[in-house]
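The whole structure should be built from the sequences, with the hints applied where relevant.
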Amino acid sequence: MLLVFRSLIVAVLLALGATLWWYPAATLVMVEPVAWGQWHEQQYDPQHRSSPFLSSSVIEQSRQSRPFVPMAEFIHGQVGGAMLEIEAGDWSRDLPGPEGGRAWLAPDRVPVTDPPRGWLNLALRDGEALDFYRLQWLDPLQRLGDIPPALAHPFRGVSLLWVGLGVTLLVMLALPVCESPAQASNLARGMRIGLVLLGFFLPLTLASLWLSQRSAPDAVYALIVIGGMLALTGLVTALIFGRQYAWLRRLMAGEGLLAHWQLAPEQWRDFVQRDMRRSRGEKLARLVMVAVMAVVVGLGFVLFAPDRGAGLVVAGVLTGMVMLLALIVLLMPLWTRRRLLRALPQVWLGPEGVCIGHQAHHWSGLGSRLESARLQRGKQGRPARIELTYSGLRGVSSGRGVYFYRDQQNVVVPVPPDKEVEAERVIAVLRVGKGG
Amino acid sequence: MVFPTASVPFRYLVTVLRLAVLSMLLLFTGAAQAQPILSILPESTGCVSVLTSQAGGLYRACGPDWRFRRIAGVPEALPVALTESNRSLILGTRTGLYQRSSDQAGWQRLSDQPTGALACHGARCVVRPFGQGPHRLSDGRLSPLRVRGLPDQPLQQFVIAGEGVLYGAGMGAGVLQLRPGDDAWQPVGSGLGNGNVLALALANDGTLHVGTYGGGLYCLRPGEDRWQRLSGLQATRVTALAVSADGSWLLAGVGDGVRESRDGGDSWREVPELAGIPVLSLAFDEVGRAWAGTREGQLYRRQGEAWMRVRFGDDLSVHQVTADGRGGLFALIGERLYRRPYPGADWQRIETPFPLADGWISLAMDGAGRLYLGSPRHPTRRLDIQSGQWPVSVSGLPEPGSFRVLRRGPEGVVYGIHADTGQLYRLEPERDHWTLIEVGEARLRHQVWDLRRLPGEHGVAWGPNILMWQRPGEPWQHNWFAQLERGAPGLDADRVLWTRRQVTVFSLAPGENRWSDNTIRHPLYVEAVALADGTEVALTGDNRLVRLLRREDGTWAELDAHVPPGPPPYTLAAAGDRVYLGTLDGLHELDRVHGTWRDITPTH
Numbered sequence: 001m002l003l004v005f006r007s008l009i010v011a012v013l014l015a016l017g018a019t020l021w022w023y024p025a026a027t028l029v030m031v032e033p034v035a036w037g038q039w040h041e042q043q044y045d046p047q048h049r050s051s052p053f054l055s056s057s058v059i060e061q062s063r064q065s066r067p068f069v070p071m072a073e074f075i076h077g078q079v080g081g082a083m084l085e086i087e088a089g090d091w092s093r094d095l096p097g098p099e100g101g102r103a104w105l106a107p108d109r110v111p112v113t114d115p116p117r118g119w120l121n122l123a124l125r126d127g128e129a130l131d132f133y134r135l136q137w138l139d140p141l142q143r144l145g146d147i148p149p150a151l152a153h154p155f156r157g158v159s160l161l162w163v164g165l166g167v168t169l170l171v172m173l174a175l176p177v178c179e180s181p182a183q184a185s186n187l188a189r190g191m192r193i194g195l196v197l198l199g200f201f202l203p204l205t206l207a208s209l210w211l212s213q214r215s216a217p218d219a220v221y222a223l224i225v226i227g228g229m230l231a232l233t234g235l236v237t238a239l240i241f242g243r244q245y246a247w248l249r250r251l252m253a254g255e256g257l258l259a260h261w262q263l264a265p266e267q268w269r270d271f272v273q274r275d276m277r278r279s280r281g282e283k284l285a286r287l288v289m290v291a292v293m294a295v296v297v298g299l300g301f302v303l304f305a306p307d308r309g310a311g312l313v314v315a316g317v318l319t320g321m322v323m324l325l326a327l328i329v330l331l332m333p334l335w336t337r338r339r340l341l342r343a344l345p346q347v348w349l350g351p352e353g354v355c356i357g358h359q360a361h362h363w364s365g366l367g368s369r370l371e372s373a374r375l376q377r378g379k380q381g382r383p384a385r386i387e388l389t390y391s392g393l394r395g396v397s398s399g400r401g402v403y404f405y406r407d408q409q410n411v412v413v414p415v416p417p418d419k420e421v422e423a424e425r426v427i428a429v430l431r432v433g434k435g436g
Numbered sequence: 001m002v003f004p005t006a007s008v009p010f011r012y013l014v015t016v017l018r019l020a021v022l023s024m025l026l027l028f029t030g031a032a033q034a035q036p037i038l039s040i041l042p043e044s045t046g047c048v049s050v051l052t053s054q055a056g057g058l059y060r061a062c063g064p065d066w067r068f069r070r071i072a073g074v075p076e077a078l079p080v081a082l083t084e085s086n087r088s089l090i091l092g093t094r095t096g097l098y099q100r101s102s103d104q105a106g107w108q109r110l111s112d113q114p115t116g117a118l119a120c121h122g123a124r125c126v127v128r129p130f131g132q133g134p135h136r137l138s139d140g141r142l143s144p145l146r147v148r149g150l151p152d153q154p155l156q157q158f159v160i161a162g163e164g165v166l167y168g169a170g171m172g173a174g175v176l177q178l179r180p181g182d183d184a185w186q187p188v189g190s191g192l193g194n195g196n197v198l199a200l201a202l203a204n205d206g207t208l209h210v211g212t213y214g215g216g217l218y219c220l221r222p223g224e225d226r227w228q229r230l231s232g233l234q235a236t237r238v239t240a241l242a243v244s245a246d247g248s249w250l251l252a253g254v255g256d257g258v259r260e261s262r263d264g265g266d267s268w269r270e271v272p273e274l275a276g277i278p279v280l281s282l283a284f285d286e287v288g289r290a291w292a293g294t295r296e297g298q299l300y301r302r303q304g305e306a307w308m309r310v311r312f313g314d315d316l317s318v319h320q321v322t323a324d325g326r327g328g329l330f331a332l333i334g335e336r337l338y339r340r341p342y343p344g345a346d347w348q349r350i351e352t353p354f355p356l357a358d359g360w361i362s363l364a365m366d367g368a369g370r371l372y373l374g375s376p377r378h379p380t381r382r383l384d385i386q387s388g389q390w391p392v393s394v395s396g397l398p399e400p401g402s403f404r405v406l407r408r409g410p411e412g413v414v415y416g417i418h419a420d421t422g423q424l425y426r427l428e429p430e431r432d433h434w435t436l437i438e439v440g441e442a443r444l445r446h447q448v449w450d451l452r453r454l455p456g457e458h459g460v461a462w463g464p465n466i467l468m469w470q471r472p473g474e475p476w477q478h479n480w481f482a483q484l485e486r487g488a489p490g491l492d493a494d495r496v497l498w499t500r501r502q503v504t505v506f507s508l509a510p511g512e513n514r515w516s517d518n519t520i521r522h523p524l525y526v527e528a529v530a531l532a533d534g535t536e537v538a539l540t541g542d543n544r545l546v547r548l549l550r551r552e553d554g555t556w557a558e559l560d561a562h563v564p565p566g567p568p569p570y571t572l573a574a575a576g577d578r579v580y581l582g583t584l585d586g587l588h589e590l591d592r593v594h595g596t597w598r599d600i601t602p603t604h
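Chains as they are written, first to last, in our numbering: chain A, 1 to 436; chain B, 1 to 604.
Among the hints, a few may not be true.
[Unchecked claim] Residues from chain B shown here face chain A by an in silico Cβ test under 8 Å; the list is partial:
id, residue
1, R67
2, M171
3, I277
4, L280
5, F284
[To be verified] Stretch-level coverage of chain B by chain A, calculated; a stretch enters the list once three of its residues show a Cβ under 8 Å from a Cβ in chain A:
id, region
6, 77–85
7, 189–198
8, 426–440
FYI, nobody ran anything at the bench for these hints, they're computed from the structure. Think of the CB as a built atom: it goes at the ideal place given N, C-alpha and C, for glycine as much as any other residue.
Have a look at this one:
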């Protein structure tokens, strides 16, 4: 059980760490020095304004429509008659000079609270001198790139938090694990992957939802959608594989067990090798079919598409897809063989499914059924084997709706040399179970 | 049957109509906007020029009456700065630099670069175009001063000392100087605690004064190298500054008023007449008289020991003038109503029952010489000359509402345009009753903007989508147009009515009842008054004033023409054989014998 939930806890810890590392401060004060002279100048000299693309007609229109106002009136108009004058102090030491750039301050460092409209114009008095600033209370989410990280992400400075998270993570990863055959199965692995997805993306999605109440950037909304989908995928995966994992645990505990065979190492190796070849052969056949279709479609695009360049792109994408599938077809059986060779050379057979080593097949789920079961006696002194075929419902969505079809899987179960009679009895039970 | 909810949409309709009318009025009447006074220039001639921020807003007056008038022919560009060099006026605008010599009437364009700052002393001038450094202006040509040391912040104030030293200052730039022959700007003195300089002034003895934003007022006396803060001035924001020639009398605009010192800056007092008024410009003229110009476009002059407001700009704008049959004249000028009982008499100011400040007030006098005063916010009043009272004249007018425009139309009839619905009413003076002139149900597109009397007792009233007209002896007729132009329709010498809709021109000849596309003919008479000798005086669409004689076939012949004495908009009136024309800056009477104009603007 610990093995299962360890995945979940580690994922949650990682998600929590990522969220806290990035989580932005609630409000920061952006301080910009105001050079009134230059600003005033820019109002009446459109060529020197920010956009270099102003047309001469726009400049001329500005010259003919914007009456000149003297500097004092310009300031009066810009600040709406309200400029707060504050004496310089410790808080203002780090402020940029009149020619300097932008600075950010935590709100509690600024001796002004609740400014009207979220910003104010400030005149900072230092003796007879007066420097001008514009202070803006901002949600830093929109300007994370401009803000020093230590200010933008306040949790990064909480050392105790990171030490605690690190220690917890190390403890979880260092816990001794004793894998039972069920826990080592592909069903347990699927369930763990589902839980990791759920545990990592659910907290991220919830944090993004929380942040979306603020002026969040688009990436936060993207994270809500993608993270939410992945969390949901993880939940569904964990539920499906969890149910099958529970069945496997019951089967291995003897509940509904029709046969439990121990195979000799030689027979197991021979079986694994042959099973790999069979599996690869089946997959190759499908690959060839897909490749032929891809060639036909790709050639069609190259030859007949009105846009030849686009046709070549489609053909290129199809070729890449076929190559990727070929790689999977070549590597997947090898990986399965490797896993099976490391597994216990045992077979558990039940009316709802079979587990060969670490590889379990379950056909009593929603829409799945056993199609056929037969005993194939060995030739030339080779051991017999049970050939099972089961199918599951698969859905394909298209523009007009969702179409379902049956996807058949062939499973070969090795039978120890002295267990052929028992195998016949098992097949009889399976056939009865499936109604035939 | 009226459903209980019917009043709600009606209220919405009325509100929408009211908003539409108000917004159109703003556009149509060009509601008076404040013209901040950018600078006051005492000229070497003893006259004073005043520059406002409005295009063409350059005024000039000379003593002793100090009657300000617009200077004719000023470039229609937004002004920035004004100065004088060797009896020539130099005007810096947002679209160029102009010069008018004292012996020339026209303005010569010296440069097409927008002017940011300008200063002259004798023949020496410095100009700083926006976005550039200072330039020397010599013989009408600009050449950049190729010297180092310009600060990052632009220099916005310049003064040139007699010996040719150029001082420059600006917000955040402090004060710099450039001596003749130097190749770099140098800071002036030390100890200037605040570099946000808004105002710069030089006394005759060489004392330099600077007004700063936040630091108050500083001065640097000749021979000293350290600025002294004039701490007697409590205010720290000095936005305008003037120093008398001897340096003893200082005026400082402090944002909400003016402070003055008569002892060179040691002690200060508030100028009570200017308390709370934002003053943008201050100056001393050649005889040491002080002037102040405000953000709201008001001009003040020191008269003896008190400041008095000088009538200027909008104060002299004649909104309406109307005459009675006995030679009496009423004029709505600025925010005041005046009466002159007979030609040559003194003007009397007439108290009105409500303030005339919103610029939408109108006057009309009926055939019996009764004066009516209209306002969109107040019921229409009629003046009782004997008692000076203004009884309400609202009979027949649907409540609520009033007239935003009163006009005297053909045959001496007074018309009113309802402030909310834009409908046209006719006054029946004997019953003191207003009668609606029906053109259908009141809708937004039925609104009438204005009404004019045209030659030969023709009348036109028009709105954005309607044109109403009346020919002599006939009732009012109307026609719907889409998006009529705002300008008044006109009548040509052949009694053809004309109106314009964007690129299309329509005309209606006498005896016809259908408007047709046509090519416009000139001149068009857009307003006319009748004279006692049977001739008429009409304003043309191209702003001429012509006297018309009616031929036997009913067409009109032009007898003589006159150029109006001031800028538009114009308002026209006649009494007997006297013709009066109100312009943007005064009221004038036409001397028909000499063909000249006589300024009869009330000066009080």
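Now for the hints, and whether the structure bears them out:
no. : hint    : in the structure
1   : R67     : violated, 25 Å
2   : M171    : holds, 4 Å
3   : I277    : violated, 14 Å
4   : L280    : holds, 6 Å
5   : F284    : violated, 19 Å
6   : 77–85   : holds (count 4)
7   : 189–198 : holds (count 5)
8   : 426–440 : violated (count 0)
Comparing the model with each numbered hint stated earlier shows that hints 1, 3, 5, 8 do not hold.
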